[in-house]
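Protein chains in written order, with the numbering used here: chain A, 72 to 236; chain B, 248 to 819.
There may be inaccurate statements among the hints.
[What the hints assert, rightly or not] Partner residues aside, some chain B positions facing chain A, computed with beta carbon under 8 Å:
1. Pro371
2. Lys374
3. Tyr432
4. Val436
[To be verified] List of simulated lysine to any residue pairs, SDA-like, C-alpha gap at most 20 Å:
5. Lys559/B x Phe94/A
6. Lys202/A x Leu185/A
7. Lys143/A x Ala428/B
8. Lys380/B x Leu87/A
9. Lys126/A x Ala428/B
10. Lys133/A x Tyr652/B
11. Lys608/B x Tyr652/B
12. Lys137/A x Thr435/B
13. Lys137/A x Asn537/B
14. Lys559/B x Arg97/A
15. Lys137/A x Asp531/B
16. Lys126/A x Asp532/B
17. Lys380/B x Gly85/A
18. Lys635/B x Phe779/B
19. Lys143/A x Arg430/B
20. Lys559/B x Asp146/A
These are computed hints drawn from the structure, not numbers from a lab. We put the CB at the ideal spot given by N, CA and C, even for glycine.
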Amino acid sequence: MKRIISVLMENAPGALSRIVGVFSQRGYNVDSLCVAPTEDASLSRLTIITHGDDKVIEQITKQVNKLVDVLKVVDLTENAHIEREMMLIKVATRTEAIRAEVKRNADIFRANILDVSVSNYTIEVTGTTDKLDAFATTMAQCTEIIESSRTGVCGLARGERALRP
Amino acid sequence: MKMMSGAAMVVEALKDVGVTHVFGYPGGAVLDIYDALFAQDDVKHVLVRHEQAAAHMADGYARSTGKTGTVLVTSGPGATNTLTGIATAYMDSIPMVVLSGQVPSMHIGEDAFQETDMVGCSRPIVKHSFLVKRAVDIPEAIAKAYYIANTGRPGPVVVDLPKDIVNVMEEHPYVFPSSVAMRSYNPTVRGHSKQVKKAVESLKKAERPVLYVGGGAVTAEASGLVTKLAELLNAPVTCTLMGLGAFSGTHPQFVGMLGMHGTMEANKTMHNSDCILALGARFDDRVTNNVAKFCPHAEIIHVDIDPASISKTVNAHIPVVGSVDVVLEQILELLNPQEFAAQTEKLADWWQQIEQWRSRKCLNYEQGDTVIKPQRVIEALYKYTDGKAYVSSDVGQHQMFAALYYPYAKPRQWINSGGLGTMGFGLPAAMGVQFAHPEATSVVVTGDGSIQMNIQELATCLQYNLPIKIISLNNRALGMVRQWQDMIYKGRHSHSYMDSLPDFVKLAEAYGHVGIKVDSLDQLDAAMEKCFSLTDRLVFMDIAVDQNEHVYPMQIKYGAMDDMRLSKTERT
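Build out the structure end to end from the sequences listed, making use of the hints.
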């Protein structure tokens, strides 16, 4: 089962490599990873998408929590939460018909066209992983995908819950 | 405010932490620190012959005292040579700080001479590490390193020191932090009261309880409390390889070590128990055998300071996160001794059953006429040291014999590489023990394979006059490998035979020590007596033992805890 593990850690050199190290040395999966400093620049917040049974997920949260640089770990999937991922996708738009179709689909998905050139559009789309997958599938059906880049998922708990130091 | 160089700060900070001994080896990147060491007498430096041994010495020092061991090495090969020692300490949760030199900051990443990414190399085998970037940060980094190493679940910490920041030509203000606090690191030592209550209820109703005591009880200095609880409950006690001595090996409630080479009574007791109280033990594969068949009748109470150790391999029914000593105090507070007044009668059936297993005398072995059985050597060692020596072991058959046939009465008396199983650990560890306890008898139990993995330290022993006693069980083979080859590989002894062993007596003498060769059983007692009468000399006992002896009991792979071979022909 897919899980979203959110980690609050010291924004210190080597902290990220320690977390990634726990995953590789203990054989856990990383599907995506997203990290940046928080509003308090001394802290970083990292979101890892992983999968595994309950026992594995329990071990992941415990082993990550054990790292000296880590303040808090939470499995967001245990409770109501919001998750978002962003994708930049460059698609070929060589004919008028394709341009219109791409634009129409971008509107339906509430995606933004960020860059336009003679032969391609670069589009920004934000949403859940499923939505991004669906958009990519749609683009592949109506034209050729030249390249794409995804941020990996970030997430927050809904309501009063929060991950704070 | 004191002004001093980065190098002087390193030494000053070690003094402020209370370090007595540093085990190390100089080299380019740490010459400034060595110059600062030269200028003082408070911190004693021990010059080793190989950096791996420095780490094991610091480890032996730490295991025998509970204090943090300290290592100082140069960059590159100096640092990487310590890795096996660091991994050994990590697996057994031993507090250690490794100060490693590093190339100057401006050359990091250039593949400079003797450059290695030590923080990167050691990352999976340290509790934490620091790459110090400014001289003024040295005192805090060192204070934090010692704090992290010896709190919570202890472990090794690396402090990597680039050469430019320890430059003796530049002075900076020295401020040693009066206390260390880290928002991201606060180990839980006190058990959750609800969980402790549940544990107590479980112990009260248990009809076949057992205490399963691991290295965490040694670390927490909890052996007094373990004994108190065990006696109150009248419960049998088993210790892991790492926990030996946390409960006296001579206590009538002690059923022996458990696990792969545990006693029949210990493994049977575990398997048939209805309530296992695990104290600072981690249910590792050398204890549990097949986890699917592990102790099917037991409610498991698991007390450990490391939450990640709980339910890692075997699910705990009642997890209690906390330090063994503190949690035991909490448990004892809730136990009313009067409620246990009838405990002897209540557990009478249980003890009767245990006595029946004990009566099998699983540690009995066939005595030879002239050939020396390795078990017999350990029994003689026990006799000639009055059971009071610090016994450091290498890894192999001799390690199991030393664990099974020398009943350790006190914690920290038994020093061995349990988790990593590092051959070459014994001699340097015994040296660390001897530095920490100059008046004590420090013994190494080793074999002809293991001793050769750090034999160069015999030179260090002479330099510092360490009167260590080396008991080498020489079977002309890698005994444990050979045993497995006998049992699993139809006796095909692939590369487990040594046909060019040195003359260990001459070798010991060449290093300036005393060597004694023992070939037959009738020489053993006289040789032992001579060995331990030479109190101011290192004595190397090269004892020819039976090559075909196996360690028994031995758990049968994929079986339950109590599925064991008891000899070459019998099983449970």
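Hint check results:
1. Pro371: 5 Å, holds
2. Lys374: Constraint on Lys374/B satisfied, holds at 7 Å.
3. Tyr432: With a closest approach of 5 Å, the Tyr432/B hint holds.
4. Val436: With Cβ-Cβ at 15 Å, over 8 Å, it is violated.
5. Lys559/B x Phe94/A: 15 Å, holds
6. Lys202/A x Leu185/A: 19 Å, holds
7. Lys143/A x Ala428/B: 16 Å, holds
8. Lys380/B x Leu87/A: 18 Å, holds
9. Lys126/A x Ala428/B: Violated, at about 32 Å.
10. Lys133/A x Tyr652/B: Violated, at roughly 38 Å.
11. Lys608/B x Tyr652/B: Holds, at roughly 12 Å.
12. Lys137/A x Thr435/B: 11 Å, holds
13. Lys137/A x Asn537/B: Violated - the C-alpha atoms of Asn537/B and Lys137/A are around 27 Å apart, more than 20 Å.
14. Lys559/B x Arg97/A: Holds: Lys559/B and Arg97/A sit about 12 Å apart, inside 20 Å.
15. Lys137/A x Asp531/B: Distance of about 19 Å is within 20 Å: holds.
16. Lys126/A x Asp532/B: 17 Å, holds
17. Lys380/B x Gly85/A: 13 Å, holds
18. Lys635/B x Phe779/B: Cα-Cα ~13 Å, so holds.
19. Lys143/A x Arg430/B: Given pair Lys143/A, Arg430/B holds - Cα atoms ~10 Å apart, limit 20 Å.
20. Lys559/B x Asp146/A: 18 Å, holds
Violated hints, listed in ascending order, are 4, 9, 10, 13; each of the other numbered hints is respected by the structure.
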